[in-house]
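Trainee: Here the protein sequences line up with chains A and B, keeping their order. Just so we're aligned, residue 1 is where the first sequence starts under the working numbering, counting upward by one. Just so we're aligned, residue 1001 is where the second sequence starts under the working numbering, counting upward by one.
Heads up, a few of these hints could be off.
Unchecked claim - Only pairs whose alpha carbons sit at most 30 Å apart, straight line, appear in this in silico BS3-like list of lysine-lysine:
hint, chain 1, residue 1, chain 2, residue 2
1, B, Lys-1077, A, Lys-11
2, B, Lys-1400, A, Lys-21
3, B, Lys-1184, A, Lys-11
4, B, Lys-1073, B, Lys-1184
5, B, Lys-1393, A, Lys-12
6, B, Lys-1074, B, Lys-1090
7, B, Lys-1090, B, Lys-1077
8, A, Lys-51, A, Lys-12
9, A, Lys-12, B, Lys-1017
10, B, Lys-1017, A, Lys-11
11, B, Lys-1256, B, Lys-1077
12, B, Lys-1073, B, Lys-1157
13, B, Lys-1401, A, Lys-21
14, A, Lys-130, A, Lys-93
15, A, Lys-21, A, Lys-125
16, B, Lys-1401, A, Lys-12
17, A, Lys-11, B, Lys-1401
18, A, Lys-12, B, Lys-1180
Claimed, not checked - Simulated restraints, written as ranges between beta carbons of each label pair:
hint, chain 1, residue 1, chain 2, residue 2, range
19, A, Gly-84, B, Lys-1401, 40 to 46 Å
20, A, Ser-103, B, Glu-1338, 43 to 49 Å
21, A, Lys-125, B, Ala-1369, 40 to 46 Å
22, B, Glu-1237, A, Ser-25, 31 to 37 Å
23, B, Pro-1012, A, Arg-24, 25 to 31 Å
24, A, Asp-101, B, Asn-1040, 39 to 45 Å
25, B, Lys-1073, A, Lys-125, 55 to 61 Å
26, A, Arg-91, B, Gln-1364, 24 to 30 Å
Think of the hints as simulated: they come from the structure by calculation, not from any bench. What you are looking at is a predicted structure, and each value in this text was computed from that prediction instead of being measured. Glycine included, C-beta positions come from ideal geometry on N, C-alpha and C.
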Amino acid sequence: MSESNEENRYKKFIDLFRNPKNRRSMENPSSVSEGRNTCGDTIQVYLKIEKGKITDASYEGAFCAFSNASASQVTEFVKGMEVGEVIAIDRPKLFELVGDDLSDNPHRLRCILFPLNTIQDACRKYQEGKAEQDFKKDLTDIPCHCSTENAEMGIE
Amino acid sequence: MLNTEQIRKDFPILQRKVNGHSLTYLDNGATSQKPIQVINAISGYYSSHNANVHRGVHTLSAESTEMYESARKKVAKFINAEPEEIIFTKNASEALNLIAYTYGDASISPGDTITTSIMEHHSDFIPWQVLAKKKGATLSIMNATREGAIPESEYSKIGGAKLTSIVHASNVLGTINPVKEFAKLAHENEGVILVDGSQSVPHLPVDVKDLDCDFFAFTGHKMLGPTGIGVLYGKKELLEKMPPFLYGGEMVVDAKVDGCKWNNAPHKFEAGTPNMAGTIGLGAAVDYLANLGMENVRAHELELLCHAIDSLRQVEGLEIYGPSNPQDRTGVLSFNIEGLSSIDLSSLLDEYGFAIRSGFHCAQPLHDALGISPSARISFYIYNTKEEIALLKSRIEEAKKVMS
């Protein structure tokens, strides 16, 4: 029986999803983010950041082989990078990391994109949190009563 | 029993190749394929009869109106309702939302209870979640067992509800709920019950009078009809009392500067030019199914289901969700395979021409409650065969090898 394109692709990824790098939890991460793909797959991303640089990155969750391969490659790549550099990672770079642009299977593109998007979201959260901390540091003498609430469903 | 060989000849799409292989279409829970009779009815309508309905006295308008209303009669007969109890909508979601926006908005007050279940499709869950929040009402959710049935201990939640909305057959588990019993419970407590029949009407004989539900929603595209046409059945006395849904043409009989007099049901709920071709296509789909006989459709699917359960159970690491007794479910099988995500399985099968569904199937609360990952789902219809199931099993085994 001849192998299909998809089977060949899976075989190409096989080492990545059999032995993923960084698929683990993390204690005391500097930033976390949870991503959900449209198919229902989920990923939790953890980043350890020191002086604006990623010193460790890991992930866990329930996802497909493509997402796993992508998350493994991207978490490995971002170690040592500045937070801003991670946010600037574009699709061509991602395709290079994953070794595939899925041009013949575009409906699976989201599978390799969503781990990167979630990592970038964790970086943005870190930046925003840091900005908030700096802001609060400037306002230490002023009592603050602000609180964050979960976004409602747009209903009064 | 159905003559599958003959039936398959009516479905042009079954002749096509997908990735070089014959199409094995097992995603009927998402949408069914269309027989040539339905395709011809739509094309014939546009080729020879197209005109707006209920608006002109010219020949084409009269023909179009006659065809449109004739489809309403066919749909009514199919579920044992009266034609004036059949409202055409764009899909089941709109039919369910129509009740939330009309009956629900007018009748639910702060402190009231709306009851639904954990096994609802999002279309029969979110409208009630939103309505309850908007009205300060309580949303009561009947839970399901691991086997996919609503236990009797949950039935009391219907008794306390002003409005219950419940799925007739689950699009994930296949569970057929005892909606006749639920209707009795609702009525004993002066409640009203809406049933989402999107996954039952295409696959089982349905008699709304026998079920005694107050409202019943379903969609055309899952029962051989075109997309963009859905149905809401409502008991006449309730429809007459309800406020309109959308405003515009057709739903009004007397429009004056200082106020309007609404048309009677069902037209009161059909503002604007309706989906005429879609309705006529649905009429042809109903003819097709009625000709086969829904008892025969059910028997065919049950046979496939039993065969598929026996076959897939042999696959190591494969867990099937839902009732273990095939009699308690429709031809829908959701499952997961250890170490092979549903989307990977779906992708690998697609390479061999199989169309199966993967993900949450628009029923995320159910997956969360059962604590399961997004699942793979196969769902049968009148053109599926045992040979396809045998082929599916061998392809699943192949997919497992790729990933091991």
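Trainee: Indicate, hint by hint, whether the structure satisfies it.
Mentor: Against the structure, the hints come out as follows:
1. B/Lys-1077 <-> A/Lys-11: Roughly 54 Å separates the two Cα atoms, so the pair is violated.
2. B/Lys-1400 <-> A/Lys-21: holds, 22 Å
3. B/Lys-1184 <-> A/Lys-11: violated, 56 Å
4. B/Lys-1073 <-> B/Lys-1184: With a Cα-Cα distance of about 27 Å, the restraint between B/Lys-1073 and B/Lys-1184 holds, given a limit of 30 Å.
5. B/Lys-1393 <-> A/Lys-12: Holds, at about 24 Å.
6. B/Lys-1074 <-> B/Lys-1090: Holds, at roughly 18 Å.
7. B/Lys-1090 <-> B/Lys-1077: holds, 20 Å
8. A/Lys-51 <-> A/Lys-12: violated, 37 Å
9. A/Lys-12 <-> B/Lys-1017: At roughly 26 Å apart (the allowed maximum being 30 Å), B/Lys-1017 and A/Lys-12 satisfy the hint.
10. B/Lys-1017 <-> A/Lys-11: Satisfied, since the Cα-Cα distance of roughly 25 Å is no more than 30 Å.
11. B/Lys-1256 <-> B/Lys-1077: violated, 37 Å
12. B/Lys-1073 <-> B/Lys-1157: violated, 35 Å
13. B/Lys-1401 <-> A/Lys-21: Distance of about 23 Å is within 30 Å: holds.
14. A/Lys-130 <-> A/Lys-93: holds, 27 Å
15. A/Lys-21 <-> A/Lys-125: This hinted pair holds, its Cα atoms lying about 23 Å apart.
16. B/Lys-1401 <-> A/Lys-12: Roughly 14 Å separates the two Cα atoms, so the pair holds.
17. A/Lys-11 <-> B/Lys-1401: holds, 11 Å
18. A/Lys-12 <-> B/Lys-1180: With a Cα-Cα distance of about 54 Å, the restraint between A/Lys-12 and B/Lys-1180 is violated, given a limit of 30 Å.
19. A/Gly-84 <-> B/Lys-1401: 40 to 46 Å: With a Cβ separation near 44 Å, A/Gly-84 and B/Lys-1401 satisfy 40 to 46 Å, so the hint holds.
20. A/Ser-103 <-> B/Glu-1338: 43 to 49 Å: violated, 31 Å
21. A/Lys-125 <-> B/Ala-1369: 40 to 46 Å: Since A/Lys-125 and B/Ala-1369 have Cβ atoms about 29 Å apart, the given range 40 to 46 Å is violated.
22. B/Glu-1237 <-> A/Ser-25: 31 to 37 Å: With Cβ atoms ~59 Å apart, the hint is violated.
23. B/Pro-1012 <-> A/Arg-24: 25 to 31 Å: Given about 51 Å between the Cβ atoms, the range is violated.
24. A/Asp-101 <-> B/Asn-1040: 39 to 45 Å: holds, 42 Å
25. B/Lys-1073 <-> A/Lys-125: 55 to 61 Å: holds, 59 Å
26. A/Arg-91 <-> B/Gln-1364: 24 to 30 Å: holds, 28 Å
Comparing the model with each earlier hint shows violations of hints 1, 3, 8, 11, 12, 18, 20, 21, 22, 23; every other hint is respected.
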